[in-house]
Amino acid sequence: MSMRGRQAIDLRKFLEDEESMIERDIRREEADWNFINSLNPRLMWAVKLFIERGDLRLAQHMSGLDLEDFIEILRSAKVPVFITVIKDP
Amino acid sequence: MICSIDTCFLIDWSRYRGRDVLKKLFDYGFVIDEVLEEIKSESTLTYVSSLLAEGFLVIYPFKREIEPIVRKIVDISARDPRVRTLDPPEAYALAIGVRENAVVLTESRGVMNIVRLYPEFSSTVWRSYEVLRRAHELGFISNLGEELDEYERETGHRFKKVLRR
Amino acid sequence: MPEPTVSTSSSANDEAIERDIRREEADWNFINSLPLKLKQALLFYIEVGDEYKAAKLAGLSLDEFEELRMKARVPKVILLEE
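Chains as they are written, first to last, in the numbering used here: chain H, 1 to 89; chain A, 1001 to 1165; chain C, 2001 to 2082.
Keep in mind that the hints are not guaranteed to be accurate.
The calculated SDA-like cross-link candidates involving lysine to any residue, where the alpha carbons are at most 20 Å apart (straight line), are [what the hints assert, rightly or not]:
| no. | chain 1 | residue 1 | chain 2 | residue 2 |
| --- | --- | --- | --- | --- |
| 1 | H | K87 | A | V1115 |
| 2 | H | K87 | A | R1116 |
| 3 | C | K2037 | A | V1115 |
Simulated from the structure, these hints should not be mistaken for lab results.
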């Protein structure tokens, strides 16, 4: 079958490792959704993006805030900013 | 042993009361000026000021020389969806780690994934967990589990144990 | 604009003398009124005397930091060998 005109899809973006899923679940569970939904739209979506993707820099840029200011928003929203999954043993 | 530190690590670590253990593990740490420019909260500023004053933190003097490495890192971060976004502080921290054979101190998954997926950027990368574990191995921390709990309480960081499959 | 303060000293505590002079002559009302980052950078400079690092901490160029230092009346202390 000719691939002319078709764009290759980078399937790697659909791979998600176990750690990322665990981290996302923790962020989702601990988040203060009432607070998050009360934020202005730009901030709200930045926080939700961080909760789902865990990409701090991407979410920070979306928020338009400096890094520490964005981290303060996350803390106010009770979203854990840094999570380390420890594989035992 | 020397380290190369990014902003995220400093922001997290500065809230930990036992943070001085870092100076027992490393002779000094490199940072770039962008890291200093990014920090603005009281806890991070006072901590970084004290490290600068003591001469533990050293502003990396060879930034221009490592720009080719940084470019490759940023390119990978943009192209490879498995690697999270890296800003200059993280990219330079990794490049310095590669160039100077320094331990990279970061909380960035992007840095960890690049090191894992691209052998040309092979480098030792430690998060706060690995720093605390090393401090425990060397006897500076008596009970690692309790220290991790304390770290969680003081910084809001989360440590989640899972069984290795 | 504060003039550079010149002291003569052959003591091994040059750094302590320099720090004391910076502390004494600084305009603390002005310094305490500044935003946290600039205030912290000036405090660092007063204690350590390193304008390069202080400028980086403040997120300013050296020239800009010099201006701030002068506004805060923090002298550049030069100790002369006798």
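ask   = Which numbered conditions among the earlier hints are violated in the structure presented, ordered from lowest to highest?
value = 3
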